[in-house]
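Trainee: Quick note: the sequence shown, position 155, residue 629 per the numbering used here, numbers continuous.
Errors might be hidden in some of the hints.
[Stated by the list, open to error] List time: in silico EDC-like cross-link candidates among lysine to aspartate or glutamate, alpha-carbon distance up to 20 Å:
1. Lys565 - Glu480
2. Lys560 - Glu526
3. Lys565 - Glu580
[As the list claims (entries may be wrong)] DEER-style ranges, computed between Cβ atoms:
4. Ile545 - Tyr612: 20 to 28 Å
5. Glu480 - Gly542: 34 to 42 Å
6. Gly578 - Ala609: 31 to 39 Å
7. Ala544 - Arg514: 21 to 29 Å
Hints were generated in silico from the structure; no laboratory data involved. For each residue, glycine too, the CB sits at the ideal point set by N, CA and C.
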Amino acid sequence: MTLIGEPIIRLATRDDLAGLVRIEEAFPEEDRFPRRSWRRLLGGNTIAHVAEVNGTLVGAAVLLLRDGSAIARLYTLSVSPDMRGKGLARKLMAVGEAAAKDKGCERMRLEARESNHNAILLYERSGYRVIARVAGYYPNGETAVRMEKPLGMSVSESR
475 MTLIGEPIIR
485 LATRDDLAGL
495 VRIEEAFPEE
505 DRFPRRSWRR
515 LLGGNTIAHV
525 AEVNGTLVGA
535 AVLLLRDGSA
545 IARLYTLSVS
555 PDMRGKGLAR
565 KLMAVGEAAA
575 KDKGCERMRL
585 EARESNHNAI
595 LLYERSGYRV
605 IARVAGYYPN
615 GETAVRMEKP
625 LGMSVSESR
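Using the sequences and the hints given, assemble the complete structure.
Mentor: Pasting the structure below:
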């Protein structure tokens, strides 16, 4: 599919469910969220943004928030294969970070598979730093890299 136009980033709605599931189909099965998980993520104490081009969803980012916590968690970041390498993941993260800061959060955390070098590099270039490794975090036993970024700092300030 060839998409022409600049992505528009907006808050997700329940009407985006089918498009979110479609994006997930490009990921390895063990990393996909089923429809019921997306339904749960589009409600509750979350902030979910989607990116669309000409009405087609091409990316999503979901933040989890906890009452009384100054830490937001980037729970998932998904970009369709045809949009990778175009800066969309960074745009989604920046919009999410701004929303978390507006909600009073001071830091953002996330986990990535230790083997997902591209994601880790993206996060590092966006100002995230490894704060822990969590053995056996994923269902297949793989280790997670936990990363964190202070919100409100530019990428150059956080280095």
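Trainee: Against each hint, give a clear statement of whether it holds in the structure.
Mentor: We went through each hint and held it up to the structure:
Between Lys565 and Glu480 the CA atoms are separated by roughly 12 Å; this keeps the pair inside 20 Å, and the hint holds. Restraint check for Lys560 and Glu526: satisfied, since their Cα atoms lie roughly 14 Å apart, inside the 20 Å limit. At most 20 Å may separate the alpha-carbon atoms for a hinted pair to count; Lys565 and Glu580 meet this at roughly 19 Å. Checked against the hint of 20 to 28 Å, the pair Ile545 and Tyr612 passes, with Cβ atoms roughly 21 Å apart.
Glu480 and Gly542 have their C-beta atoms about 37 Å apart, which keeps the hinted 34 to 42 Å range intact. With their beta carbons about 32 Å apart, Gly578 and Ala609 fall inside the hinted range of 31 to 39 Å. In this structure, Ala544 and Arg514 meet the distance hint of 21 to 29 Å, their C-beta atoms being roughly 24 Å apart.
Hint compliance for this structure: no hint is broken.
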